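Participant: So the sequence lines, in the order shown, correspond to chains A and F. Using my numbering, read the first sequence as starting at 1 and increasing by one per residue. Using my numbering, read the second sequence as starting at 1 and increasing by one per residue.
Hint data in this document are derived by calculation from the structure and do not stem from the laboratory. Just so we're clear, the structure is a prediction, and the values are computed from it rather than from any experiment. Yeah, the Cβ is synthetic: ideal placement off N, Cα and C, and Gly gets one too. It is possible that some hints are incorrect.
To be verified - Among chain F residues calculated to face chain A with C-beta under 8 Å, some are: (1) Ala-10; (2) Val-11; (3) Gln-15; (4) Met-16; (5) Phe-19; (6) Thr-20; (7) Thr-83; (8) Pro-105; (9) Asp-107; (10) Asp-109.
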Amino acid sequence: MNWIFQHRPKIASVSLPQSMVELVPEKGPDVEAELAQYLPHFSRMSEQLKQTSKQIEDSVVEVCGSFQGIALRAKEAVARTAGFLSQAGDGNSDSRSFETLLDECSRTLVKILSVTEEAGEISQRAIERIRQMDQATQSISGAIEQLEQIADGNKILALNARIEAARAGEHGAGFAVVAMEVISQTERSQKVNAQVSELILSLRALAGSTLEDLQRMNERDHLRVEQCRSEADESLKNLQAAHDEMKRVLTGMTEEGASLSQEIGAAVRGLQFQDRTSQRIAHVVEDLETLRTRLTTRFGSESDTSDHAPNHGFSDYTMHEERAVAGIGEAESGAGDVELF
Amino acid sequence: MRKILIVDDAVSMRQMVSFTLKQGGYAVIEAEHGQDALNKLQGNPVDLVITDLNMPVMDGITLIQNVRKMPSMKSKPILMLTTEGLASKKEQGKAAGATGWIVKPFDPDKLLQTLAKVLP
Chain A
1 MNWIFQHRPK IASVSLPQSM VELVPEKGPD VEAELAQYLP HFSRMSEQLK
51 QTSKQIEDSV VEVCGSFQGI ALRAKEAVAR TAGFLSQAGD GNSDSRSFET
101 LLDECSRTLV KILSVTEEAG EISQRAIERI RQMDQATQSI SGAIEQLEQI
151 ADGNKILALN ARIEAARAGE HGAGFAVVAM EVISQTERSQ KVNAQVSELI
201 LSLRALAGST LEDLQRMNER DHLRVEQCRS EADESLKNLQ AAHDEMKRVL
251 TGMTEEGASL SQEIGAAVRG LQFQDRTSQR IAHVVEDLET LRTRLTTRFG
301 SESDTSDHAP NHGFSDYTMH EERAVAGIGE AESGAGDVEL F
Chain F
1 MRKILIVDDA VSMRQMVSFT LKQGGYAVIE AEHGQDALNK LQGNPVDLVI
51 TDLNMPVMDG ITLIQNVRKM PSMKSKPILM LTTEGLASKK EQGKAAGATG
101 WIVKPFDPDK LLQTLAKVLP
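When you get a sec, could you build the whole thing from the sequences and use the hints?
Facilitator: Here is the structure:
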């Protein structure tokens with residue numbers, strides 16, 4: 001029960017219309033008797049008003065409670081969204097903004113590509129060095145050919161020496177031995193030259209195949225790096241676009257939440273009609289009570305007349321609560337009941 | 001978080017004021033009349049009081065007079081929030097020690113702006 005119906009008037013004073021009380025006796029005993037018959041209605045009317053006011057208050061409390069829930073959820077959603085949008089990684093925290101993550105991702109990709117490119121450059125330098133080595137081995141082959149020619153010359157020279165030693169007879173015998181030894185050394189030198197030539201050919205073949213492998217790998221890596229760079233750029237662009245869109249949506253949600261909060265504020269203001277209505281009804285109830293008291297004092301108690309009180313207006317009551325106050329007892333359904341026939 | 005005491009005999013009004021203040025980031029204590037408010041203020045001072053005028057047991061003016069006697073609440077802002085708008089009533093409130101007077105229905109934004117102004 002709301003206190004205002006039991007205690008003080010919310011308005012400063014209640015001025016009862018004097019004409020309603022003091023002029024009645026002058027109208028004669030018939031009017032007096034009729035007025036007395038209506039006495040029980042005063043308390044019923046008061047009760048109707050009290051209950052109506054209470055129902056309005058209960059409804060407003062319920063609606064306001066729902067608004068609180070809605071506003072709380074909207075506020076939390078806005079706070080979460082705002083937090084997500086403004087979250088910034090400081091390096092010491094696990095939480096990082098999407099922009100920071102995107103930036104880190106981009107920098108990491110650039111680093112990987114840079115390292116791969118560096119490897120390609122090293123490989124290119126290795127190819128150049130192998131080419132230089134190949135040219136050097138070619139020069140060595142040329143030098144070996146010259147050594148071969150020199151050896152051939154030495155052999156002819158040694159043969160001529162033997163011929164001359166034979167002509168010299170006994171005195172040339174020692175020279176003939178030296179000539180034979182020169183031939184023998186020259187032949188050994190030619191064998192070594194041939195082995196070196198073979199080794200150089202093998203080395204050149206090996207260098208050639210290594211060169212080819214390196215060139216193939218280098219070309220392939222170069223293509224891959226370009227492809228990766230292109231794909232990474234595309235992915236980062238897509239990620240940035242997705243993030244921008246998400247940010248736009250979240251910003252919209254933040255604005256919606258703020259707007260909802262404002263609308264709820266306006267609704268709260270509107271709902272305060274109940275407080276004013278409640279007070280005004282309380283004042284009417286107080287007037288009715290005062291009037292009833294004065295009429296009862298004048299014409300006797302309600303119990304003396306209640307049996308004869310006319311039931312005007314009761315037939316218009318449509319709700320259980322109204323009929324209950326009027327004392328009309330009849331079985332009926334309550335609010336929310338469903339009955340199928 | 002700043003703490004505010006709401007005093008009103010109407011539960012719906014307490015709820016609406018409380019809702020508005022919580023939205024504004026304040027902590028709220030509720031009392032249903034002046035005496036209830038005084039009991040809740042004992043050993044538990046608040047940063048600001050918002051009170052109705054006409055209430056059972058103890059009205060808003062008497063509440064303010066009593067609150068001003070409490071050392072911890074001597075200089076704290078007290079706002080009247082009432083349907084009453086008579087100049088004479090406002091004078092009574094001012095004389096009792098009220099900081100301001102708001103006539104119902106209140107505007108949530110304006111109420112929060114007023115709090116921001118009167119809170120030190």
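Participant: Mind listing which of the numbered hints don't hold for this structure, in increasing order?
Facilitator: none
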